[in-house]
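If you read the sequences in order, they're chains A and B. For the first sequence, position 138 (counting from the first letter as 1) is numbered 138 according to our numbering, and the numbering increases by one without interruption. For the second sequence, position 380 (counting from the first letter as 1) is numbered 380 according to our numbering, and the numbering increases by one without interruption.
I should point out that these hints are in silico values taken from the structure, not numbers from a laboratory. Please note: incorrect hints may appear among the correct ones.
With a straight-line cut-off of 30 Å between C-alpha atoms, the simulated DSS-like cross-links for lysine-lysine are [claimed, not checked]:
| id | chain 1 | residue 1 | chain 2 | residue 2 |
| --- | --- | --- | --- | --- |
| 1 | A | Lys-62 | B | Lys-334 |
| 2 | B | Lys-321 | A | Lys-62 |
| 3 | A | Lys-55 | A | Lys-2 |
| 4 | B | Lys-543 | A | Lys-118 |
| 5 | B | Lys-193 | A | Lys-66 |
| 6 | B | Lys-347 | A | Lys-55 |
| 7 | A | Lys-12 | B | Lys-193 |
| 8 | B | Lys-334 | A | Lys-66 |
| 9 | B | Lys-193 | A | Lys-62 |
What the simulated footprint calls covered on chain B by chain A, stretch by stretch (three residues with Cβ under 8 Å from a Cβ of chain A suffice, anywhere in the stretch; the number is not a length) [what the hints assert, rightly or not]:
| id | segment |
| --- | --- |
| 10 | 199-212 |
| 11 | 448-455 |
Note that beta-carbon positions come from the ideal geometry of N, C-alpha and C, so glycine has one too.
What follows is each chain in one-letter form.
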Amino acid sequence: MKHIISALVENKPGVLAHVAGMFAARAFNIDSLVVGRTEDPKLSRMTIVVVGDDKVVEQVRKQLAKIVPVVKVQDFVGQPVVARDLMLITLSAPPDKRPEILSLIEMFKARVVDIGVKQLMVEVSGPETKIEAFIDACKPYGIKNVARTGTIAMPRQGPSEVKS
Amino acid sequence: MTIKFIRKGVKMSPKSRSSAVSADKSNLKAGAQIIVDTLIDLGVDTMFGYCGGVILPLFDRLYDAPIRVIVPRHEQGGCHMADGYARASGKVGVVVATSGPGACNLTTGLATALMDSVPVVAITGQVRTELIGNDAFQEADTTGITRPVTKYNSIVKDIKDLARVIKEAFYIASTSRPGPVLVDIPVDIQVAKYEADGPVEMDLPGYRIQTKGHARQISAAAAAINKSEKPVLYVGGGVIIANASEELRKLAQKAHLPVTMTLLGLGSFEQSRPESLDMLGMHGSAYANYAVQECDLLIAIGARFDDRVTGKVKTFAPNAKIIHIDIDPTSISKNVNVDIPVVGDAKYIMTELVKEVEYRERAEWFKKIAEWKKKFPFSYDRNASTVKPQYVIEELCRQTNGEAIITTGVGQNQMWTAQFYKFGRPRQFISSGGLGTMGYGLPAAIGAQIARPDATVIDIDGDHSFNMTMTELATAVEHKLPIKVCILNNGYMGLPRQWQELFYGKRYSCSRLQNPNYEDVAKALGAVGETIDKKADVPKAIKQMLAEKRPCVFDFRVEQEENVWPMVPAGKSLNEMDGLDILESMA
Chain A
1 MKHIISALVE
11 NKPGVLAHVA
21 GMFAARAFNI
31 DSLVVGRTED
41 PKLSRMTIVV
51 VGDDKVVEQV
61 RKQLAKIVPV
71 VKVQDFVGQP
81 VVARDLMLIT
91 LSAPPDKRPE
101 ILSLIEMFKA
111 RVVDIGVKQL
121 MVEVSGPETK
131 IEAFIDACKP
141 YGIKNVARTG
151 TIAMPRQGPS
161 EVKS
Chain B
1 MTIKFIRKGV
11 KMSPKSRSSA
21 VSADKSNLKA
31 GAQIIVDTLI
41 DLGVDTMFGY
51 CGGVILPLFD
61 RLYDAPIRVI
71 VPRHEQGGCH
81 MADGYARASG
91 KVGVVVATSG
101 PGACNLTTGL
111 ATALMDSVPV
121 VAITGQVRTE
131 LIGNDAFQEA
141 DTTGITRPVT
151 KYNSIVKDIK
161 DLARVIKEAF
171 YIASTSRPGP
181 VLVDIPVDIQ
191 VAKYEADGPV
201 EMDLPGYRIQ
211 TKGHARQISA
221 AAAAINKSEK
231 PVLYVGGGVI
241 IANASEELRK
251 LAQKAHLPVT
261 MTLLGLGSFE
271 QSRPESLDML
281 GMHGSAYANY
291 AVQECDLLIA
301 IGARFDDRVT
311 GKVKTFAPNA
321 KIIHIDIDPT
331 SISKNVNVDI
341 PVVGDAKYIM
351 TELVKEVEYR
361 ERAEWFKKIA
371 EWKKKFPFSY
381 DRNASTVKPQ
391 YVIEELCRQT
401 NGEAIITTGV
411 GQNQMWTAQF
421 YKFGRPRQFI
431 SSGGLGTMGY
441 GLPAAIGAQI
451 ARPDATVIDI
461 DGDHSFNMTM
471 TELATAVEHK
481 LPIKVCILNN
491 GYMGLPRQWQ
501 ELFYGKRYSC
511 SRLQNPNYED
521 VAKALGAVGE
531 TIDKKADVPK
541 AIKQMLAEKR
551 PCVFDFRVEQ
561 EENVWPMVPA
571 GKSLNEMDGL
581 DILESMA
């Protein structure tokens with residue numbers, strides 16, 4: 001099962017190495033890991049997607065919490081959350097195919113961010129499933145390059161019945 | 001580099017004996033002085049350290065500081081000394097090393113301390129801040145290398161942080177589940193000056209300690225104990241670290257519970273008491289292993305269900321409900337699923353438990369245990385004409401009234417010590433359990449003797465374990481430490497040889513080396529050396545050894561192919577022990 005784990009960590013050198021090293025040393029698999037600053041300059045947030053059974057994820061959570069500069073750990077499993085990925089994707093886009101591609105981009109509420117002679121760069125964000133679907137839809141045109149952020153997530157504050 | 005640094009420092013007049021890094025007349029203090037002052041504030045009066053280029057400013061400040069510095073012959077030895085000092089005293093052990101090779105040599109010692117939860121603070125020099133990352137002379141990525149073998153580490157890049165980071169290192173090393181912490185300090189930070197003002201506040205937003213166990217969990221544990229017909233207490237080093245032996249004794253007595261100990265738990269409970277089942281696990285007692293496999297309730301306290309304890313996990317304590325009391329939440333349900341976890345300090349939780357538990361006779365259960373004890377005691381051929389290693393240990397135990405501080409190497413020597421020396425109090429048995437570091441015994445004995453100058457400290461060692469760090473004998477001689485090294489010399493790496501005999505068709509591949517004459521080695525290094533090869537000479541030799549005021553090495557030429565019994569072969573359940581027929585025949 002996939003778990004999204006959010007860790008608030010001190011914004012210090014070596015913390016990422018410590019977290020990554022712990023995952024490697026204990027043979028836990030990371031699906032994705034995103035680090036970014038927060039509103040507090042002393043803290044960063046790591047969002048880690050882990051796949052494993054409950055016992056493994058429980059260990060991941062505890063081992064993370066044990067790392068001294070890790071301030072807080074939350075496992076979002078079972079909670080309503082907003083989870084998003086961001087992707088930049090470069091597609092082969094010869095002039096005759098562009099109308100088709102642009103309508104695809106429209107359908108996915110994506111944006112063209114760069115236009116070259118033969119290719120387009122598109123920015124798309126959303127749940128991971130949407131990103132995957134967009135990649136599949138683009139395959140026939142020829143994908144040149146993909147860069148993805150991995151998942152970031154936050155629990156919903158609104159009524160829990162509002163699903164993402 | 002050292003020369004360069006001195007040139008850059010304060011100019012030295014030929015007459016002045018003040019050093020290049022001493023503080024001037026203002027309130028400015030050199031980083032090295034801040035380190036020393038912080039250590040003194042933290043109560044450090046002894047440390048183990050080896051100097052080198054980029055740690056010289058610190059050693060200069062130690063030159064006339066009220067701190068005793070013991071210089072090992074190798075940084076690994078220094079780290080084990082700090083570890084032995086910490087285990088024997090309960091205080092933080094401090095080790096200092098230079099950058100690069102000095103820091104790298106600490107790693108085995110740090111990993112040993114991490115596995116066994118020992119409070120050690122390591123301070124390492126680092127190349128100048130602006131050289132870091134440039135492959136400078138004696139540069140290594142010390143924090144990178146030591147991160148997996150420390151509880152925490154950090155590099156100080158601003159002198160303003162120096163005192164705080166050192167204070168935090170001591171706090172982290174010695175609290176919650178203790179462990180080694182390393183602070184890497186570039187040489188320019190040691191030389192830079194800073195006006196330290198006011199008290200130093202720690203800033204550890206991510207470090208929390210859970211001392212009090214959850215009241216409802218404690219009550220649930222007490223209720224389970226009160227209901228149990230066949231309980232077993234399984235205690236580890238955590239009880240010793242928590243200074244909770246007294247609470248353990250009260251709990252075992254009040255609720256009437258049999259107690260088995262892990263290797264590191266030895267000393268937490270008097271082995272002469274009727275409730276003691278001695279050690280459990282791969283080379284544990286048959287009665288402890290049978291009791292664990294048959295119990296209906298296993299109460300683990302400060303232990304972590306190591307694979308050497310559980311044997312095959314799937315069939316470990318198959319009928320038991322499991323209570324696990326530990327300060328480290330990651331230990332809980334890591335290897336074995338726990339029914340009633342209680343996270344917190346063992347001393348606090350046991351104090352609370354004692355209030356709620358009731359006495360129960362459990363006559364049948366104790367009768368069964370007594371039968372196992374009678375049938376399968378630890379034993380060996382006492383009528384043999386050769387020097388049996390177990391005999392040497394029994395004799396050591398007898399002549400020291402079971403009161404000496406014992407360190408060990410790793411392997412057969414360690415297992416026989418755990419089986420045949422009967423411990424009565426905490427911090428008496430000092431051994432590398434988790435990492436199994438050969439060569440630990442001698443430097444740990446040195447550290448223990450420094451912590452406890454009046455105690456009898458004996459390193460019961462193997463010949464090959466001793467080979468690994470015997471250079472530290474020179475350190476013991478220099479400091480006139482009356483440590484006693486008893487080498488159980490069988491000429492082999494004993495446990496590998498035993499496994500080769502049992503599982504590899506007696507093909508003794510690479511497990512036998514040509515040893516030196518240890519008596520000569522000892523004498524050359526300035527220690528007392530003796531060789532004992534006759535059984536009849538053992539008692540007299542031990543008596544002589546115990547009376548010695550100088551370090552001694554007594555080389556006992558023991559039976560070469562003696563095995564440790566019982567033995568749970570790898571991958572087997574605890575009750576599937578080999579060698580029971582041997583024990584039974586000699587009982």
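Now for the hints, and whether the structure bears them out:
1. A:Lys-62 <-> B:Lys-334: holds (10 Å)
2. B:Lys-321 <-> A:Lys-62: holds (23 Å)
3. A:Lys-55 <-> A:Lys-2: Holds. Lys-55 of chain A to Lys-2 of chain A sits at ~13 Å (cutoff 30 Å).
4. B:Lys-543 <-> A:Lys-118: Outside the cut-off at roughly 92 Å; violated.
5. B:Lys-193 <-> A:Lys-66: violated (35 Å)
6. B:Lys-347 <-> A:Lys-55: Since the Cα atoms of Lys-347 of chain B and Lys-55 of chain A sit roughly 28 Å apart, the hinted pair holds (cutoff 30 Å).
7. A:Lys-12 <-> B:Lys-193: holds (24 Å)
8. B:Lys-334 <-> A:Lys-66: Within the cut-off at roughly 14 Å; holds.
9. B:Lys-193 <-> A:Lys-62: violated (41 Å)
10. 199-212: holds (count 4)
11. 448-455: violated (count 0)
Comparing the model with each numbered hint stated earlier shows that hints 4, 5, 9 and 11 do not hold.
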